[in-house]
Amino acid sequence: MKMNRRQVLKAGLAASAVYSPWMIARAQARPVKLAAILPLTGAFAFAGNAALDAFRDATDRINDAGGIGGRRFELVVEDDGYDVARGTAAFNRIVQRESPEELVFVYGNSTGLSKALAPEITRLRLPYTATSFSNELADPKTYPTIFVFGPTYNDMAGALLQQIRRQKGRGAKIFLCYSNSEFGRDPIPFIKEQSARLGFQIVGEEVTPLAIADATPIVTKLRQAQPDFVIVHGYVLTVEPLLIRAAREQGIRATFMGTYYSAELALMQRAGAAADGFIVAYHNAYYYDTTVPAVEQIRALRRAKGRDLSYRTTYYMGSWMAMDVIAEAMRRANAAGKLNRPGMIEALDSLGDYNAGGQVRNMRWVERRLPFTKLWRANVRDVRFDAITDWVDGSKL
Amino acid sequence: MDFSLVVQTILNGLANGALYAVIASGFVLVYRATSVVNFAIAEFMLIGAYLTYTMSLFFPLLVALLLALPLAFAFGVLVERGFVRPLLGRNVVAVIMATIGLAATLDGTALILWGPDQKAMGAADISQLPKEMPNLAFNMGGVFLSSKAVWSLILALPLAILLVTLLKYSRYGILLRAVSESETAALAMGINAPRVVAVAWGISAMMAAIGGAFLAGAAGGGGPGHHLVLLGLIVFPVAILGGFDSVPGAVVAGLLIGLIEAFSQLYLESFLPGITQAIPFLIVLLVLLFRPYGLFGQHRIERV
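Note that the protein sequences, when read in sequence, are chains A and B. Going letter by letter, the first sequence gives residues 17 to 413 in our numbering. Going letter by letter, the second sequence gives residues 162 to 465 in our numbering.
Because the hints were derived from the structure by calculation, they are not lab data. Note that the structure is predicted; figures quoted are calculated from it, not measured. Backbone N, C-alpha and C fix where the C-beta goes; we use that ideal spot for every residue, glycine too. It is possible that part of the hints are untrue.
Stated by the list, open to error - Reference listing, derived: stretches of chain B covered by chain A, where coverage requires no fewer than 3 residues with Cβ under 8 Å from a Cβ of chain A:
1. 166 to 172
2. 277 to 289
3. 375 to 388
4. 424 to 431
Unchecked claim - Here are the computed distance ranges between Cβ atoms for each label pair:
5. B:P231 / A:R380: 55 to 63 Å
6. B:M301 / A:L317: 52 to 60 Å
7. B:V168 / A:A289: 25 to 33 Å
8. B:D286 / A:N371: 27 to 35 Å
9. A:D292 / B:Y330: 46 to 54 Å
10. B:F299 / A:S326: 36 to 44 Å
Take the sequences, apply the hints, and build the full model.
Structure (structure tokens):
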């Protein structure tokens with residue numbers, strides 16, 4: 017095909033525009049974004065604000081290191097007040113407002129919200145994780161873009177059941193106390209099923225609201241049931257301190273156990289001496305454990321930024337770990353020339369060799385979750401949780 | 162049926178009910194004085210609990226609670242002066258919306274002032290264990306009462322009864338009743354109605370502070386936090402059952418709901434999970450259907 021002079025000039029202009037430094041700079045100037053829907057107000061504000069603190073620290077760390085392949089990393093934050101309707105509205109706002117080329121990951125909140133959003137997240141092919149460790153979310157066949165950055169509540173319960181098997185063996189008597197919420201009910205069928213298989217006896221079950229005024233009626237049932245172990249799940253230190261306090265006052269000697277959201281030092285602060293011996297399943301590092309490289313990274317960053325170096329909660333640590341891993345996935349996706357939503361899924365799946373600085377055992381996904389956890393025992397004298405096991409695979413009972 | 166278990170359940174139910182009674186009586190007091198339904202009553206509990214927490218960082222808990230009470234009183238008066246009084250005489254819906262707005266404002270204020278972290282009474286940082294009221298828990302003949310229950314019975318219940326007595330026999334009680342009957346007539350009689358109303362808000366905030374402090378672990382096993390707002394919702398069924406404008410009604414209804422909750426938790430919860438949470442609101446439904454003026458409310462017909 018012959019081109020005249022005018023056509024050649026036009027083609028030349030178009031090519032120079034496309035490949036001009038201006039266009040390259042524009043593409044690089046486009047930020048890469050993560051949206052976080054957090055409970056910054058309401059009953060879970062302590063967790064949401066700690067997570068935001070961690071996200072901001074991690075964002076600074078990413079951008080101080082040059083962003084993601086030269087693109088600035090940006091956080092988009094919305095408050096859901098731990099309310100599914102508000103969270104859903106926030107999610108809709110985010111996905112309508114943000115460009116799919118820029119928004120490559122959403123970090124959501126709560127079991128209820130995550131379950132409500134899961135079909136839409138799948139439809140949008142949007143990489144997603146949440147504060148929830150719901151078993152239902154770790155299902156790559158149904159929800160191929162959802163990742164659970166830790167063990168599910170079933171895995172945590174599995175680790176606790178392993179401990180019961182070690183401590184007591186067949187015939188152990190278990191009492192279940194859980195909140196009347198998606199969060200609270202999540203691992204209960206699994207615990208019952210596995211207890212039957214392992215020869216444990218469920219001697220009582222109590223379902224309560226997220227907050228209660230008095231634990232005496234529950235303790236009365238404990239006195240009648242005489243359990244060896246009490247598994248408490250689905251609270252955020254609103255019920256556990258009241259319950260163990262009242263139980264110890266009434267001479268109940270059972271071992272109390274809890275999952276991730278009971279694993280915070282505030283348990284001891286609220287329950288006092290009664291919390292001693294409380295066993296929790298928790299899969300990140302504690303801020304006071306300076307032997308963990310990730311803790312040193314956090315401290316170094318906060319020191320350099322002139323930020324408060326005092327204790328950071330477990331909610332902070334879990335959020336930092338998630339951000340660290342997501343940032344690594346972004347770097348890998350960028351290196352592969354696929355810093356977009358499908359590229360992020362591939363990059364997250366490729367993280368098996370990534371060292372998360374001791375914050376988790378490893379990054380090898382099993383059904384899109386990380387089933388390993390540790391068990392810790394409350395040590396009230398030192399106001400710490402002491403590890404009583406190495407990494408335990410909660411899915412292997 | 163185990164007799165000691167029944168006695169224990171009754172006593173624990175009364176203890177919890179005493180807390181409900183003390184909070185609800187303050188709520189009803191404000192309604193009587195000003196006809197304002199204070200939808201921010203749970204936030205009054207929250208602020209009262211945080212004031213007790215702040216004092217507990219410097220003083221033993223019992224002293225902290227006593228010091229927090231005048232602060233709570235001042236807070237109540239401040240709310241009345243700054244927020245409620247300018248709205249008096251306006252459309253009732255406007256005032257209701259305003260108190261809902263007040264609730265959101267107080268939630269946010271508490272978050273800003275005290276921060277979002279989980280706290281425990283008397284513990285300034287995470288390395289400290291909580292301060293508590295002296296432990297009065299006892300076990301007698303198989304009847305066990307927790308320290309919180311004993312403190313509720315010896316502190317909250319007498320306070321609620323004292324409020325009822327003062328309203329009936331004291332000069333201030335008579336003035337308040339006069340203002341609640343007709344503010345204009347009371348003013349014409351030379352009664353300082355604005356002061357009477359301000360005192361009612363102050364007392365209401367004090368009562369909420371006592372309830373809030375105990376529900377936030379003043380007698381062990383908890384801490385101040387937004388979950389108090391969830392617990393504070395119980396005030397509405399208590400007030401409606403009591404008759405909404407009757408302080409003695411609120412006290413009786415508080416004790417009654419405390420008892421019903423305790424028995425429900427013990428005997429019904431195993432068969433019907435979640436029933437204890439629902440029962441107070443089922444009672445409200447029944448009351449509104451069959452006895453809209455509650456147990457002790459005035460039989461009034463209002464033309465609207």
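We went through each hint and held it up to the structure:
1. With a threshold of 8 Å between beta carbons, the proposed coverage of the region 166 to 172 of chain B by chain A holds, since 3 of its residues qualify and at least three are required.
2. Residues of the region 277 to 289 of chain B lying with their CB closer than 8 Å to a CB of chain A number 10, which satisfies the three-residue condition for coverage.
3. Counting residues of the region 375 to 388 of chain B whose CB lies closer than 8 Å to any CB of chain A gives 9, so the stated coverage by that chain holds, three being the minimum.
4. Under the rule that three or more residues need a Cβ within less than 8 Å of chain A, the assignment of the region 424 to 431 of chain B holds, with 4 such residues.
5. At about 60 Å, the beta-carbon gap between B:P231 and A:R380 stays in the expected band of 55 to 63 Å.
6. Hint check: B:M301 to A:L317, Cβ distance near 57 Å, so the stated range 52 to 60 Å holds.
7. Between B:V168 and A:A289 the beta carbons are some 28 Å apart, a value that agrees with the proposed interval 25 to 33 Å.
8. Checked against the hint of 27 to 35 Å, the C-beta distance between B:D286 and A:N371 comes to roughly 32 Å, which is consistent with it.
9. Range check, A:D292 to B:Y330: about 50 Å between beta-carbon atoms, so the 46 to 54 Å window is met.
10. Taking the beta carbon of each, B:F299 and A:S326 are about 39 Å apart, inside 36 to 44 Å as hinted.
Consistency with the previously given hints is maintained throughout, with no hint failing.
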